[in-house]
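Kindly generate the complete structure, drawing on both the sequences and the hints.
Numbering (my numbering), first residue to last: 1042 to 1928.
Since the hints were made in silico from the structure, they are not lab data. Incorrect hints may appear among the rest.
For each label pair, taking beta carbons as the anchor points, the in silico distance ranges come out as [unchecked claim]:
#1 1087 - 1860: 45 to 53 Å
#2 1266 - 1289: 19 to 27 Å
#3 1809 - 1647: 18 to 26 Å
#4 1088 - 1485: 33 to 41 Å
Bear in mind the structure is a predicted one, so any value in this text is a computation, not a measurement. For glycine and all other residues, C-beta sits at the position ideal for the given N, C-alpha and C.
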Amino acid sequence: MSTDANARERDEASLEGGYDPEAVESRWQDRWVDAEVYAYDGDPQRDPNTVYSIDTPPPTVSGSLHMGHLYGHTLQDFAARFQRMHDGEVLFPFGYDDNGIASERLTEKELDIRHQDYERREFQKLCREVCTEYEAEFTDKMQGLGCSIDWNNTYKTIEPRVQRISQLSFLDLYEKGREYRKKAPAIWCPDCETAISQVEMEDDERHSHFNDIAFEVAGEDPAREEFVISTTRPELIPACVSVFVHPDDDENQDLVGETARVPIFGHEVPIIADDRVDMEKGSGVVMCCTFGDQNDIEWYQAHDLPLRVAIDESATMTDLAGDYEGLSTEEAREAIVEDLDDEGYLRDRWEITHAVQVHERCDTSVEFRVSKQWYVEILDHKEEYLEAGQEMDWYPEKMFSRYRHWIEGLEWDWLISRQRDSGIPFPVWYCTDCDHEIMAEREELPVDPLSDEPPVDSCPECGNDAFEPEEDVFDTWATSSLTPLINAGWDWDADEEEFAMDNPELYPFDLRPQGHDIISFWLFHTIVKCYEHTGEVPFDATMINGHVLDENREKMSKSKGNVVAPEAVLSEYPVDAVRFWAASAAVGDDFPYQEKDLTAGEKLLRKLWNASKLVDSLAPADPDEPAELEAIDRWLLAELDDAVEELTAHLDAYEFAKARDRLRTFFWNTFCDDYLEIAKEREDNPSTQYALRTAHRTFLELWAPFLPHVTEEIWQALYAEDGKLDETSIHVRDWPAPQGYEADLEAGETAMEVISALRRYKSENQLPLNADLEAVSVYGPVEGFEDAIQNVMHVRELDVLEEPPEITTEVAAIDLDYSTLGPRYGSKVGDIDAGIESGEYEIDDDAGVLRVAGEDLEDDVFEVELERTYSGEGEMLETDSAIVILE
RNA sequence: GGGUUGGUGGUCUAGUCUGGUUAUGACACCUCCUUGACAUGGAGGAGGCCGGCAGUUCAAAUCUGCCCCAACCCA
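Quick look at the structure:
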């Protein structure tokens, strides 16, 4: 058995052999969870500024993990891991959203049951059982992403504690006067038979017909016989309550004040002027039905029109529809059109495609129904919510405009009651006599009015002793919008008679991550709720991630069949490589998933692994710091300081792509390609040994947020002390800080140029890179780096020249500094350019000026570029700041 | 239809807010090279005039206007 296999057998981190991500990654994932490396030790006394808390929107457990989850959570994890190292204490919780229609349907399907057959609590119990299995699977997958979630801090949106918080939230907003129950037109889904909110609607293109229907003008001596109305919904004419004409519509002005007779049904309705009529559409005359669309509702309210309900809660025609009673709206539409045609009222009919508003869950087109519903008042606080949004830092900033536009476009208060069985019940009863609202006692929550008794024996309003329970449940968003309060342990303190949090140090949360598609409802609703409860904006910052598209930049969708499953990706590539890819896009940008991008990550892991092996072979693990570092080593550490500083700034600003690229370039090009090659020639040098190890440790720490597995493996193999993992893990170390190394960066840069020039020389002359060079002279600032150049390029004799070598020069070009020249000479710049181009200029070295186009240019605006010709022995190589002579 | 965001070599992308003239890097491509870790490596090379048009300016990928295309949000 090889040492390699032995090591793996013992489950110990080891640098033997090649990197084996498959074995290493799952091993660390398990250990991190077992050792609770990412556990948050809650301490209410802690200074909130030293805790970094994340509030993440819980995913629906019944859905499977998709690339969006993978991407979103990976970004959150970059922030969490960086902050954990940088600031110390991090809360990265996790929630399972199992409250809602999705998990209800899942349970029905899984157990082959109908929720109607069960009492609500019973059904919810079944839901929780079914969801538990899915949650376990989801947990596994999440842990497979290497996210540093605190698995001790999880919640489910249907669990009793969350139900209690939801109901407390309802009571609190009720007491604050932010909620009301009102009989009013509401958006209604006839398939789900529930009211829904504005956010649950979406538009869908549907085929339909426009019907031109003739209405007679009633009364004696009317202005004209009839007029025509175009409608896509003839089944609504029994619900017609008025006809509208625009006040500026000269052609139809004669109708205003008249009475129209509705065809077939024969009832008469007034014709009214209103500027909400769209004159461009159809004949300019429109009917108002209760209710066809939102305009109808406005008219109904503005003109105090009667209510005619022709369609019931299941989209079936009512008795108002006469002969059509009992038909579905679809059937009624066809039947009515046919009868209109028979009776000569149908003047035209043609096919169209138009957008209809549908319920996003079931794609059923919505109706508007008058019903008694609970609302959260939001329209009167639009300004405040806008300000709350402004107070947050948005990453990227541009996403704020989506939030702003959403709020500006709000037209409805938030409808929070749903006529569903499963969900969190309203803790309310009503007096059967006076309809007085009886709220549950806070201590009793969570309650279910369907099975629990109200807290009073008789109505405090009228003394009646019979009550009716509220059957409705909360909109799931009413609960999902409480996640910051759930995470902070918000509850009613009965002794103090006020709301309090178990962990107030977490609130407001430092970061709220989410996709750009849910800004308008999830983020918005969360701000509404938390702001109303606490008076504070719940988040300091929000990070909006883009969407993962397919390789052709198209949105992934099941119908297109272009969905890439995370499982498929993770079975092929290391998680660390996938994370490296996830860091490649600017936060907020959509970006394509391209398999080839993952190989870049794989290559980096291999490079990091191999470089670590080399470092390990070149220097003892923990060398002492020499009194004085040599120039080349000090140079590396000074460059490292710069990198650390920039990287920290990038990560602080959620600029993961910039951090990733900066670190990769520095690690690969500067450290591996330049410094390691030099270090190979300086093996026993204590200065180099110290720099090597210092840089290597720092690199592992800097890479750790991006590549948690490979860095942990190398760290544990080389540097970890004995002890428990939650203390020795690289992920709980302090983030590197610049050490203040000072070096001659110019000399270092010049030395690298010289090395590069010599490499190019060998390459062009088809020499191996380790071929000996007899003698090399350098003219340029490379002080302190002579040995480095000499050793790494195998130069037998290196000479640093005090004076320029024997070269003759002639002017090759004149470089102008336009940023200085432009403002100074303005429109003369064109002439100056032309003069230089044509060679009509004179350089006066003594005066230090360039005479061209009648101007004397000062020496700060131009630079003479010389063509050098070497007239001595050997060959000359030029770099930006040095001249190299090879003999 | 309205709004938002974006359109940079074959692909992905930096730079655009704070205009300055040789536009960043990676992948792919071509040539060469076994440097004591990595050939899944290294050294080089070719390849774009920055969606289109017009304008502002001495100067525009960068500012303004219009147009085209794409995605998203809202109708």
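Results of checking the hints against the structure:
no. : hint                    : verdict
1   : 1087 - 1860: 45 to 53 Å : holds, 50 Å
2   : 1266 - 1289: 19 to 27 Å : holds, 24 Å
3   : 1809 - 1647: 18 to 26 Å : holds, 24 Å
4   : 1088 - 1485: 33 to 41 Å : holds, 36 Å
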